[in-house]
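A.B. asks: Chains as they are written, first to last, in numbering that gives the first Met the number 0: chain A, 0 to 180; chain B, 0 to 202; chain C, 0 to 287.
Just so you know, the hints here were simulated from the structure itself, not pulled from any lab data. On a predicted model such as this, the values are computed, not experimentally measured, just so you know. Any given hint might turn out to be false.
Below, in silico cross-link-like pairs of lysine to any residue (SDA-like), each with a Cα-Cα straight-line distance of 25 Å or less [said to hold, decoys possible]:
1) Lys74/C <-> Glu201/B
2) Lys259/C <-> Glu163/B
3) Lys278/C <-> Glu201/B
4) Lys259/C <-> Glu201/B
5) Lys243/C <-> Gly266/C
6) Lys278/C <-> Gln170/B
7) Lys74/C <-> Gln170/B
8) Lys74/C <-> Asp133/C
9) Lys74/C <-> Arg197/B
10) Lys243/C <-> Ala210/C
11) Lys159/B <-> Gln224/C
12) Lys259/C <-> Glu3/B
13) Lys159/B <-> Thr199/C
14) Lys259/C <-> Met119/B
15) Lys259/C <-> Arg197/B
16) Lys278/C <-> Glu186/B
17) Lys278/C <-> Ala158/B
18) Lys159/B <-> Gly242/C
19) Lys243/C <-> Glu163/B
20) Lys259/C <-> Glu64/A
21) Lys278/C <-> Gly247/C
22) Lys167/C <-> Ala205/C
23) Lys74/C <-> Ser199/B
24) Lys243/C <-> Ile147/B
25) Lys278/C <-> Pro172/B
26) Lys167/C <-> Lys259/C
27) Lys259/C <-> Gln175/B
28) Lys259/C <-> Met155/A
29) Lys74/C <-> Pro29/C
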Amino acid sequence: MGVHEIASGMNADPGLLAAQAGDPDAFGTLYHAHVGRIFALCLRLAGDSRRAEELTQDVFVRAWERLSSFRGESAFTTWLHRLAVNVVLTDRRTAWRRSRRFELTDDPAAFERGVDRSEGVELDLEAAISRLPEGARTVFVLHDVEGFTHDEIADMARIAAGTSRAQLFRARRLLRGWLER
Amino acid sequence: MTCESARNLIDSYVAGTLAARDALALEEHVAVCAECTIDLAAAGSLAGPVRALPRRMDPPGDLWPAVRQRLVRKRTPGWGALAAAAVLLIALTSVVTALLLDRRDATTASLASGAAAVRMVEAGYVEQALELEAALEQGRERLAPETITIVERNLDVIAKAIAESRAALEQDPANQDLRILLRTGHEQRVALLEQAVRLSREL
Amino acid sequence: MRHALLLLLLAVPVPLAAQQSVERGAAAAPTVSIRAYNLAGSIRVIGWDRDSVHVGASVARGSRLYFGGSRTALKLGVEAGASSGATPPSELILHVPKGARVWLKSATAGADVEGIDGEVDVSTVSGNIQVRGDPSLLAAESMEGSLDIGGSASVLRLKSAGGSINFKGFAGDLTVSTVSGNIQLNVSGPVATGRVESVTGRIAWAGAVGAVGSLDLQTHGAHIQLALPRSQDAEIDVSAFSGKVINGFPSARRSAPPGKPVRYLLGDGSAHIAVRSLKGGVTISAEQ
Ligand SMILES: [Zn+2]
């Protein structure tokens with residue numbers, strides 16, 4: 000499932016070639032074709048809509064900067080998704096302390112926008128995913144939703160494949176527990 | 000069957016792609032194992048809902064104008080200045096220099112696959128480190144000299160580790176643990192630079 | 000030697016007269032967000048059972064205490080005067096509601112926190128950090144200072160480049176990272192997710208990993224010591240490239256699956272532990 004099914008012949012796409020040559024409008028077409036999937040990925044990995052918007056922007060800016068290095072060995076979609084995962088996981092390092100961002104914005108109201116979620120309310124799957132601990136959420140989204148293998152996740156998230164497997168089972172147990180309550 | 004091997008079969012069992020003999024072995028194990036019963040039930044009950052999740056979701060607002068603006072900014076003179084700073088830093092940064100040499104020297108086939116493995120891991124980190132080093136250079140006078148010494152000492156330790164991990168990965172390009180070790184070196188280097196840049200802005 | 004040190008201490012002008020005492024107080028919500036900063040000297044935070052914040056400060060001459068905000072968000076700190084050179088040290092003691100969210104920032108000042116249940120986030124350059132209590136989330140980061148943490152946190156993030164990290168207590172999700180600092184973790188109760196990494200700092204882990212839990216211990220060039228309870232169920236993958244691997248866990252069964260590093264199986268192997276070191280050795284043992 001997921002990313003790997005899509006192996007379109009986008010390499011020869013004139014729009015892609017134009018974007019690679021530095022045409023921002025051609026890149027705009029690529030952006031609009033892919034933004035929905037990239038935003039969904041960022042949202043599920045970040046668990047926060049505002050953060051996901053920032054990350055989505057970062058992904059496309061980075062894609063633009065790195066477009067010349069895309070050689071068409073894989074489908075463009077696959078390349079872009081891997082790039083997106085790297086952008087999100089790398090971002091965690093900076094945002095590993097959520098408070099950082101508050102400090103940078105220096106907005107006292109930002110203190111109040113915490114991650115408070117009312118307990119006991121019935122959760123849909125999407126909400127339950129966003130509630131998972133970060134490590135478990137990452138692996139669940141990448142493996143079960145996006146279709147990456149444990150080996151691929153291991154490389155990207157710098158964890159052992161066995162760790163990825165353990166996190167996946169932990170995530171599923173938590174999700175099932177919440178959804179059935 | 001151990002729990003570990005049972006777990007490895009659960010996904011294909013749920014997907015219905017498991018060979019009959021393995022399916023039977025798994026069922027036998029699950030029948031006597033409470034832990035694996037939980038895992039099988041969780042996988043089974045989540046598979047459908049997960050498939051039904053939307054693949055695409057539109058961001059609440061149109062992000063393209065903001066993205067577009069950042070694209071333009073990257074290609075204007077500001078970028079040139081950054082590139083100039085980068086050139087200056089390359090001379091000082093052994094990591095980058097070594098990487099560029101890798102790119103040039105990757106002529107023989109075996110070296111090429113080692114170098115390719117290194118490139119796969121390092122893609123992006125080098126640029127990121129350069130940008131951060133440029134930012135740090137700008138904020139340098141706001142940092143106490145002792146802090147700069149601390150940062151540089153730790154960067155040296157990390158640079159040495161990166162060089163050793165890279166050499167090891169070049170010898171054994173398929174080794175996942177070496178890929179993770181090299182990636183960790185870069186993560187730590189970038190994290191330290193980010194911490195230093197933050198300090199130069201905040202304190 | 001001792002005399003010389005004493006003389007040296009006496010020779011330094013003790014800036015008692017240069018300090019001024021300042022006290023401030025304000026009513027606060029039980030979960031008030033507090034941001035406090037003091038670059039040099041010390042900063043101490045104590046959780047109490049009152050819905051108020053009290054600050055007692057000994058502020059260096061030329062510096063002043065800033066204090067402002069609302070019932071739900073407070074900001075306070077020592078602002079150094081315009082004089083150039085090193086910031087003179089000030090002492091800051093805060094009493095805050097137990098449930099407060101606390102952000103502390105310092106350069107050389109040591110930070111000391113106790114009795115807070117809310118989120119705690121401490122950052123220093125070279126000041127040592129000590130935390131006692133059970134914050135829901137604890138993030139402590141230093142460049143060169145050492146971290147000494149005791150208590151419990153459902154999420155724990157500890158980081159220092161050059162300083163050592165010591166943790167004793169319980170944590171559900173735990174991330175610990177140093178460059179050259181040594182890491183010593185004594186974890187009571189099974190961890191759900193642990194990730195511990197250093198470049199040249201030694202890593203010593205003692206504690207259990209939960210049933211579907213995972214633990215990644217990684218260093219570039221130092222020794223890793225992994226002590227697990229005798230009842231631990233786990234699959235342990237060990238990649239030591241040039242260091243020696245010593246297994247002192249009596250019941251561990253060793254195997255080397257094709258294309259994999261050395262693997263030890265304890266019990267059914269339900270938790271996953273990965274140990275990685277490029278140049279250091281690895282010791283596995285059963286907890287005493
Ligand atoms: Zn089992």
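A.B. asks: With reference to the structure, classify each hint as holding or not holding.
C.D. replies: Here is how each hint holds up against the structure:
1. Lys74/C <-> Glu201/B: holds, 15 Å
2. Lys259/C <-> Glu163/B: Satisfied, since the Cα-Cα distance of roughly 21 Å is no more than 25 Å.
3. Lys278/C <-> Glu201/B: violated, 37 Å
4. Lys259/C <-> Glu201/B: violated, 45 Å
5. Lys243/C <-> Gly266/C: holds, 24 Å
6. Lys278/C <-> Gln170/B: holds, 15 Å
7. Lys74/C <-> Gln170/B: Violated, at about 54 Å.
8. Lys74/C <-> Asp133/C: holds, 23 Å
9. Lys74/C <-> Arg197/B: Satisfied, since the Cα-Cα distance of roughly 19 Å is no more than 25 Å.
10. Lys243/C <-> Ala210/C: Distance ~28 Å between Lys243/C and Ala210/C Cα, so the pair is violated.
11. Lys159/B <-> Gln224/C: Holds, at roughly 23 Å.
12. Lys259/C <-> Glu3/B: holds, 15 Å
13. Lys159/B <-> Thr199/C: holds, 10 Å
14. Lys259/C <-> Met119/B: Status holds; Cα separation ~21 Å.
15. Lys259/C <-> Arg197/B: Violated: Lys259/C and Arg197/B sit about 40 Å apart, past 25 Å.
16. Lys278/C <-> Glu186/B: Roughly 19 Å separates the two Cα atoms, so the pair holds.
17. Lys278/C <-> Ala158/B: The given pair, whose Cα atoms are some 15 Å apart, holds under the 25 Å limit.
18. Lys159/B <-> Gly242/C: It holds: about 18 Å lies between the C-alpha atoms, which stays within 25 Å.
19. Lys243/C <-> Glu163/B: Judged against 25 Å, a Cα distance of about 18 Å means the pair holds.
20. Lys259/C <-> Glu64/A: The hint is violated at about 36 Å.
21. Lys278/C <-> Gly247/C: holds, 20 Å
22. Lys167/C <-> Ala205/C: It holds: about 10 Å lies between the C-alpha atoms, which stays within 25 Å.
23. Lys74/C <-> Ser199/B: holds, 21 Å
24. Lys243/C <-> Ile147/B: violated, 36 Å
25. Lys278/C <-> Pro172/B: holds, 18 Å
26. Lys167/C <-> Lys259/C: Roughly 33 Å separates the two Cα atoms, so the pair is violated.
27. Lys259/C <-> Gln175/B: holds, 9 Å
28. Lys259/C <-> Met155/A: holds, 18 Å
29. Lys74/C <-> Pro29/C: holds, 16 Å
This entry does not satisfy hints 3, 4, 7, 10, 15, 20, 24 and 26, going by the numbered hints stated previously.
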